[in-house]
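Chains as they are written, first to last, in this note's numbering: chain A, 35 to 504; chain B, 2 to 321.
Please note: incorrect hints may appear among the correct ones.
Here chain B is said to cover these stretches of chain A; the calculated rule only asks that three of the stretch's residues, wherever they fall, bring their Cβ under 8 Å from a Cβ of chain B [what the hints assert, rightly or not]: (1) 54-66; (2) 150-164; (3) 227-237; (4) 281-287; (5) 476-483.
Hints listed in this document are in silico derivations from the structure and should not be mistaken for laboratory results. Backbone N, C-alpha and C fix where the C-beta goes; we use that ideal spot for every residue, glycine too.
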Amino acid sequence: MARALGSVRRLLAPSPLVLRALIIGLAVRLLLAPWTSYPYDAYPFYGAVVSSLAGTGPYGNVLFTYPPLFSAILFPFFWSVSQFMDPASFGAFVPAMIGVSRATGMIVPFVTSPAFNLLFKLPIIVGDMLVALTLHRAVDRWKGREAADTAFLVWFLNPLVIFVSSVHGQFDALAAYCGLVGTLGFMDRRYLLSGLSLGLGVLLKLFPAYIILGLGVALLIQLHAALREGKRASALRPALAFLGGGALSLLTIAPLLLRSRSFLDYIMRRGTYSSVGGMNVWFAAPLLSGGDGTGGAGSGVPFNTILLLLGIALALLVAYLVLRKGCEGERPLLLSTAVLTVVMVTQAVTNPQHLLWLFPFLVMLSAAHPRMLPKMYALSILGLLYLLCLQSGFVFLYPLAQFTGLVSVEALNQGIEVFFIGTGGIRELVLSVLGGAGFLVLLTVPLPPRLDLMDRAITRITSRREGDEG
Amino acid sequence: MRAEAIVGVLVAALFVSSALMTYGGPQGAPVLEVDGSDGAFHVTYSMPSSAHGYQATIVAVPVVECRTDDVYVLMSGQGGRSESAPANIQGLVDHLSAELRNIRSSSRVVLLDEADLGPYLASGNGTLVVSSSIEEGMAGAVGAWVREGGVLVAIGPHGIPFNGQEGSLAISFLPFVFNGALEGTTAYDMGLRTVCPSYAPSTADIVASSGSLLGYTSGDGASNTMGVVPLGLGRVLVMGGPIEPPFLASMEDVFAWDLARCLEAGVQWAAGPVLVEGLNVPSEGLEGSFAPSAPGMGVKVSIYSQDDAHALFSSVLVRA
Chain A
35 MARALGSVRR LLAPSPLVLR ALIIGLAVRL LLAPWTSYPY DAYPFYGAVV
85 SSLAGTGPYG NVLFTYPPLF SAILFPFFWS VSQFMDPASF GAFVPAMIGV
135 SRATGMIVPF VTSPAFNLLF KLPIIVGDML VALTLHRAVD RWKGREAADT
185 AFLVWFLNPL VIFVSSVHGQ FDALAAYCGL VGTLGFMDRR YLLSGLSLGL
235 GVLLKLFPAY IILGLGVALL IQLHAALREG KRASALRPAL AFLGGGALSL
285 LTIAPLLLRS RSFLDYIMRR GTYSSVGGMN VWFAAPLLSG GDGTGGAGSG
335 VPFNTILLLL GIALALLVAY LVLRKGCEGE RPLLLSTAVL TVVMVTQAVT
385 NPQHLLWLFP FLVMLSAAHP RMLPKMYALS ILGLLYLLCL QSGFVFLYPL
435 AQFTGLVSVE ALNQGIEVFF IGTGGIRELV LSVLGGAGFL VLLTVPLPPR
485 LDLMDRAITR ITSRREGDEG
Chain B
2 MRAEAIVGVL VAALFVSSAL MTYGGPQGAP VLEVDGSDGA FHVTYSMPSS
52 AHGYQATIVA VPVVECRTDD VYVLMSGQGG RSESAPANIQ GLVDHLSAEL
102 RNIRSSSRVV LLDEADLGPY LASGNGTLVV SSSIEEGMAG AVGAWVREGG
152 VLVAIGPHGI PFNGQEGSLA ISFLPFVFNG ALEGTTAYDM GLRTVCPSYA
202 PSTADIVASS GSLLGYTSGD GASNTMGVVP LGLGRVLVMG GPIEPPFLAS
252 MEDVFAWDLA RCLEAGVQWA AGPVLVEGLN VPSEGLEGSF APSAPGMGVK
302 VSIYSQDDAH ALFSSVLVRA
């Protein structure tokens, strides 16, 4: 017992600083989680929960269009709670929000209850914690305790991470955790774990598929090298273990696959974007859409499939470029970072929550390449501002208004309408500027230091300031 | 190997969760029994128990003729201001398919390209959903098809292609004034969810066309979100529209919920006032009886749950 407790303590509190940060970070998250949500995204999660409870599965009402694993994670929590809490109390239809919902096109007049919000955000908050602890453990092994503590703090107390997980309620941190463990497992030659973890990641959000592509190239290079050295017996083992892990991850959704595969169609067709914009090469879309209030959404761009194929091609190209001098050491880490960055800057939509896919890798790399930290700080600020400028921060406060009355629903509606409509084209301009700035910062991530203009600018400013002080 | 073992346990736990989520539907099924003839019926029903009480509805529709078809949804139009965009029409197909599957209907939903409309109309009776404009030359053919027994589900101002043509229906669509008053209406008891379309058919025009009002009345009383109008041997189920954001007010989710239940309950074939009774089902379930009267007619009785955490539906048709 004492040994087990000791293990838990070592895991959760590897240092006093980490323990303090863990308590503070968790307290902030748990305080924010019940009273905030993003109604447009919370409604599909509510849909998945209640249709699962109705026995029609998470896709029963076609509201949930993410891959299925997150609904499988949520189900035991909500099934247990529904034994003593009426699912009808998980949320409320709010007719007073219909007007503002129609005006913005990005709100659903349905507000999830504090209990629902807390429950569905709990696994995401656990995901935040797992990423932080994994980062600490990995950096500790690599660069020592001080660097590990910094890595923990930089992720776990990052305002964008806290906002996305505890306020917005998006589960990118869980998929990011799978991407991180998959890459670290690959570095440690634990190919089964790597394949399994990345497979689970794909079943949460699709982006770890690009990491799989990159690491697949690494496996092929290793295979080729092993065959040239005549190690036929062991040459296939890594690839088979990696693929076996991936196949094993499918077990988690086997019952859904066996019952009906129509959900694959929902995910690929309804769950993908028919618009462009965000912190990528399409950053000017809000401005060019003429302020139609959709933030670039709904323009029905026909080249979405082309973008998908381009992403795959770029992932393979980047993997080859990173790995052409070898697959050892930090290469898989550089590979995952570069692949994700390139995909993020070219995909149809890069929302602020997508930055969380990249952050664990930036934190890991920052231990050896300090220039990565300022990029993460800049992206955090830009991402947070982008989220707040999309529909104003008021949109996140509906649970507080509906279930406590501390602010009125009407006041929030009015605030959003003033921001959304009253600011004319300024909102679109600001979104485009923020998106463009995010795009430029992302572009500097995979570049070598000599081409990294952001790093050179920071170095110049710092040295000038030091010169002034001297 | 410890990490592998932990992830293995996690995979096993998620497998169990997926299985329960997919196959662990906790619900029994509603039971409906109807006796009677010559227009006097006695309906006994029971709704299954659940961990918590829930809302349900029993609906009796007097009918002379009643037919259930596969539902064809027409993909047409350019997505102008008052017509449904193609993405929303596709959304209606997805949602309606799912809702019909949830209530164990045998009806399929088929997306019909505008180019295939002629052959479809020529193939005989059926149920066709139109929510955006079609080629003008086809309007008369759609009208003739309805008169011969077809069911047209018309969503929004462009839903009736032959609207206003000489000797045909004339139903105007008005901006829907939403005042938030939902409770206490037949539509509320039926659990109808399309509460706030941008435009809705004129109340006066539906009544003038010998139709029945079934939906929510606008704040100014001038329009109603749903009505049924007889036309020759066929019917027009006319709804407010277009299909557009937001969800829960005028998007495909609510149109699909309403259409699945109304079409399966035979509302489009109503030959007299539709009888509706809201039920509060306690957690231990509910048994009761109901005595609709429809002299000289048959009756289609349906019972269904209204809340999101149940998908219960049962229906029985007793012919005259």
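Are there three or more residues in the region 150-164 of chain A whose C-beta lies closer than 8 Å to some C-beta of chain B?
violated (count 0)
Can you take a look at whether the region 281-287 of chain A is actually covered by chain B? Rule is 3+ residues, C-beta closer than 8 Å.
Since 5 is at least three, the answer is holds.
Three residues minimum, CB to CB under 8 Å: does the region 476-483 of chain A make the cut for coverage by chain B? Let me know.
n = 0 at 8 Å, threshold three: violated.
Under a C-beta cut-off of less than 8 Å, do 3 or more residues of the region 54-66 of chain A approach chain B closely enough to confirm the stated coverage?
violated (count 0)
How does the region 227-237 of chain A fare against chain B when you require at least three residues with a CB closer than 8 Å, holds or violated?
Since three or more residues must qualify, the claim that chain B covers the region 227-237 of chain A holds, with 4 doing so at under 8 Å.
Violation of the numbered hints given earlier is confined to hints 1, 2, 5; the remaining hints are satisfied by the structure.
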